[in-house]
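K.L.:
Those sequence lines, one after another, are chains A and B.
Final position of the first sequence in our numbering is 323; the numbers increase by one with none missing.
Final position of the second sequence in our numbering is 1254; the numbers increase by one with none missing.
Just so you know, these hints were derived from the structure itself, not from any lab.
Keep in mind the model is a prediction, meaning the values are calculated, not measured.
Misleading hints may appear alongside valid ones.
Unchecked claim - Simulated restraints, written as ranges between beta carbons of each label pair: (1) A:Leu192 / B:Glu1124: 36 to 42 Å; (2) A:Ala203 / B:Ile1211: 45 to 51 Å; (3) B:Glu1124 / A:Val199: 47 to 53 Å; (4) A:Leu318 / B:Asp1230: 45 to 51 Å; (5) B:Glu1124 / A:Ala49: 56 to 62 Å; (6) A:Ala203 / B:Gln1021: 41 to 47 Å; (7) A:Ser311 / B:Ile1211: 40 to 46 Å.
As the list claims (entries may be wrong) - Derived BS3-like pairs: lysine-lysine, alpha-carbon spacing no greater than 30 Å straight-line: (8) A:Lys134 / B:Lys1077; (9) B:Lys1125 / A:Lys206; (10) A:Lys206 / B:Lys1016; (11) A:Lys206 / B:Lys1206; (12) B:Lys1064 / B:Lys1176; (13) B:Lys1206 / A:Lys134; (14) A:Lys227 / A:Lys206; (15) B:Lys1176 / B:Lys1073; (16) B:Lys1057 / B:Lys1073; (17) A:Lys134 / B:Lys1182; (18) B:Lys1057 / B:Lys1077; (19) A:Lys227 / B:Lys1125; (20) A:Lys227 / B:Lys1206; (21) B:Lys1206 / B:Lys1057; (22) A:Lys227 / B:Lys1077.
To be verified - Derived list of chain B stretches under chain A, where covered just means 3 residues or more per stretch with a C-beta under 8 Å from a C-beta of chain A: (23) 1061-1068; (24) 1175-1181; (25) 1191-1205; (26) 1235-1246.
From the three backbone atoms N, C-alpha and C, an ideal C-beta is built for every residue, glycine too.
Each chain is listed here by its residues.
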Amino acid sequence: MKRKNGYPVLVAAALCAASLGIIVVSVASGPRVLNPFSMDIETCRMLLAIRLPRTAVALLMGGALGASGAILQGIFRNPLADPYILGISSGASLAASFGLLFGISLFTLSVPILAFIGAIATGAAVVALGHDRKGLQPERLLLAGVGVGFFLSAVLMLVMTMSVDDGLKRAILWMSGDLSMVDWELVPVGLLFILAGLVIALARRKGLNALTLGDDIAHSLGFSPTKERYILFVAASLMTAAAVSMGGVVGFVGLVVPHVVRRHVGSDASVVLPLSVVAGGTLLCLADAIGRTVAAPLELPAGVIAALIGSPYFIYLLGQKRA
Amino acid sequence: MTTLEFADVSFSYSPKKFVEQMSFTVAEGELVGLMGPNGAGKSTVLKLAAGLLSPRKGSVLVGKQAIGSYSGKERAKLVAYLPQILDLHAPFRVGELVRMGEYPQDGTQALSVEEALHIVGLHEKTDTHLAELSGGERRRAYIAMTLVQGAKVLLLDEPMASLDIRYQFDLYRLLKDIVREKGVSVFMSSHDIGMGAMLDRLILVKGGVVIAQGDPDTVLTEDTVQDAYDLNESVGTYMATNRTICRAFAVAGA
């Protein structure tokens, strides 16, 4: 498809504008619509304690998952790779839940750090299982991810069933990716993890592009494929750990957002990574706003709404002839 | 001047030996073919030359220095390697791919992306997805990337495989141009005896050992070919016909 050089900039600008609009809508909407022109103390309190942290978490989580998906799809050269399918989210969730259930949450950092350890350990196990004698096999990797993910989810379910701890409720919410319980507590640490992951990934964007062409060509271009893959995997794990710590396991966003972004702006990681952050954040923020409004006072999980909005658009894009 | 040298190189994936005591050179601005039957060790030789594998014994030298002693960026400016199968689904446009050749450079590349695209004849397809190109065009796009990369030695694993005769000759002419005008050395494996006869020099391998090397007319005799490929049948007519066709195309396209 012939495109002018300014096309990605146009897409980025449109996406940012849409994102800002959706943030405002997300903050204002809910079981009770807030009018920004007539704010009393109670409204301000509600805004600061409930709506703003929830919007911030949705934005950060969606952004982190979008970027993680873009990284994982590139380093494993697999269009189906994302933190959810590879079981990394489940590993992060299980490790963090253990922390809460067994009282290892001594300081604010402990939950995301445990989630990070869980993400790295699960990722390493899945990658090891995804190898055969000829190297990493795409189908094997996905099967390993699905298998390990199911196993870890089952373990978490088992632990929760046998526990009557205070952390139980939060752990259950982690499993379902429900944002109704979020507060400001983990936002600064989550933001730190996400920024660290994003900075690492952007610094390694050339390596990510080269890995997409295969290890032999990445080597020919002067990269060490193994080193680049490890560094980028750590970046994706940091962001996945942050997302899981703040709001739990959400699928779909990490899988589909990078594909949609690539369809519009090409595959250069220096464009795909930041735009996946914006698009993922915007999608989850919109999904959460809809989820808590349409059937109020009943809350629909943001991950479910994101899939309901995103899937038809994704299928429409797949049906478009790439010309 | 010698650009690539194999000095008594051995390599094994244990316990089987894949390359044994191999010695040969590829000079600057030379188009050298690596021929031999399946399993002879051709791909291993190219991977050793690219620094993807390290020799167990002997040394692979590029510009008088062991390939393994260079940093990644330094190596990329000297040697580029393209595998036999280029990913059909690489999600990039032609211009994006060729621009990746700038990665090892620090803003000092000798050839711009536009110039490289002109040389390979893809300047009007800059915005085309790689998946929409023919096999021959895709190979040309990757070669343009290596030109921007500024590599002095281009290692190609069976670049003619799966190309029809028109694209084979397109590619042959392109490689000849690069060798002649840019002084790049091309070292490529091939199964095509006719194409082999058109190269500057040939290295014939069997069972990981060099069994003949030199001028194509000297290397591709009926005896050496029968020996290399374990043939009992007479191959004189087959070879003569292939050579005639290839040379006729080469003259017509020159």
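K.L.:
Hint by hint, say whether it matches the structure.
P.N.:
We went through each hint and held it up to the structure:
Distance hint for Leu192 (chain A) and Glu1124 (chain B): a CB-CB separation of about 48 Å, inconsistent with the stated range 36 to 42 Å. At roughly 49 Å, the beta-carbon separation of Ala203 (chain A) and Ile1211 (chain B) lies within the given 45 to 51 Å, and the hint holds. Checked against the given bound of 47 to 53 Å, the beta carbons of Glu1124 (chain B) and Val199 (chain A), roughly 38 Å apart, lie outside it. Taken as a hint, the range 45 to 51 Å holds for the pair Leu318 (chain A) and Asp1230 (chain B), whose Cβ atoms sit roughly 50 Å apart.
In this structure the hint that Glu1124 (chain B) and Ala49 (chain A) lie 56 to 62 Å apart at CB holds, the actual value being about 59 Å. One distance hint, 41 to 47 Å for the beta-carbon pair Ala203 (chain A) and Gln1021 (chain B), holds here, with the actual separation near 44 Å. For the pair Ser311 (chain A) and Ile1211 (chain B), the supplied restraint of 40 to 46 Å is violated, since their beta-carbon distance comes to about 60 Å. At roughly 28 Å between alpha-carbon atoms, Lys134 (chain A) and Lys1077 (chain B) fall within 30 Å of each other, so this suggested pair holds.
Distance restraint check for Lys1125 (chain B) and Lys206 (chain A): the Cα-Cα separation of roughly 23 Å lies within the 30 Å cut-off, and the hinted pair is therefore satisfied. Taking the CA atoms of Lys206 (chain A) and Lys1016 (chain B), the gap is near 37 Å; set against the 30 Å cutoff, the hint is violated. Simply put, Lys206 (chain A) and Lys1206 (chain B) have alpha-carbon atoms about 39 Å apart, too far for the 30 Å limit, and the pair is violated. For the suggested pair Lys1064 (chain B) and Lys1176 (chain B), the alpha carbons sit about 25 Å apart, so the restraint of at most 30 Å is met.
Taking the CA atoms of Lys1206 (chain B) and Lys134 (chain A), the gap is about 24 Å. The hint holds against a cut of 30 Å. Taking the CA atoms of Lys227 (chain A) and Lys206 (chain A), the gap is near 13 Å; set against the 30 Å cutoff, the hint holds. A C-alpha spacing of about 26 Å is found between Lys1176 (chain B) and Lys1073 (chain B), which places the hinted pair at or below 30 Å, so the restraint holds. In summary, the hint linking Lys1057 (chain B) to Lys1073 (chain B) is supported, as the alpha carbons are separated by about 25 Å, within the 30 Å threshold.
Annotation: proposed proximity of Lys134 (chain A) to Lys1182 (chain B) is violated, straight-line Cα distance about 36 Å (limit 30 Å). Proposed proximity of Lys1057 (chain B) and Lys1077 (chain B) is supported: the alpha carbons are some 25 Å apart, at most 30 Å. Restraint check for Lys227 (chain A) and Lys1125 (chain B): not satisfied, since their Cα atoms lie roughly 33 Å apart, outside the 30 Å limit. For the given pair, Lys227 (chain A) sits about 35 Å from Lys1206 (chain B) by alpha-carbon distance, which is inconsistent with the 30 Å threshold.
For the proposed pair Lys1206 (chain B) and Lys1057 (chain B), the alpha carbon gap of about 19 Å is at most 30 Å, so the pair holds. Between Lys227 (chain A) and Lys1077 (chain B) the CA atoms are separated by roughly 20 Å; this keeps the pair inside 30 Å, and the hint holds. Given as covered by chain A, the segment 1061-1068 of chain B fails the check, having 0 residues with a CB less than 8 Å from a CB of that chain where 3 are the minimum. Evaluation of the coverage hint for the segment 1175-1181 of chain B: breached, as 0 residues show C-beta separations to chain A shorter than 8 Å, against a requirement of three.
Counting residues of the segment 1191-1205 of chain B whose beta-carbon sits less than 8 Å from any beta-carbon of chain A gives 0, not enough to reach three: the coverage restraint is violated. Counting residues of the segment 1235-1246 of chain B whose CB lies closer than 8 Å to any CB of chain A gives 0, which falls below the minimum of 3, so the coverage claim is violated.
Of the numbered hints given earlier, the model fails hints 1, 3, 7, 10, 11, 17, 19, 20, 23, 24, 25 and 26; all others are met.
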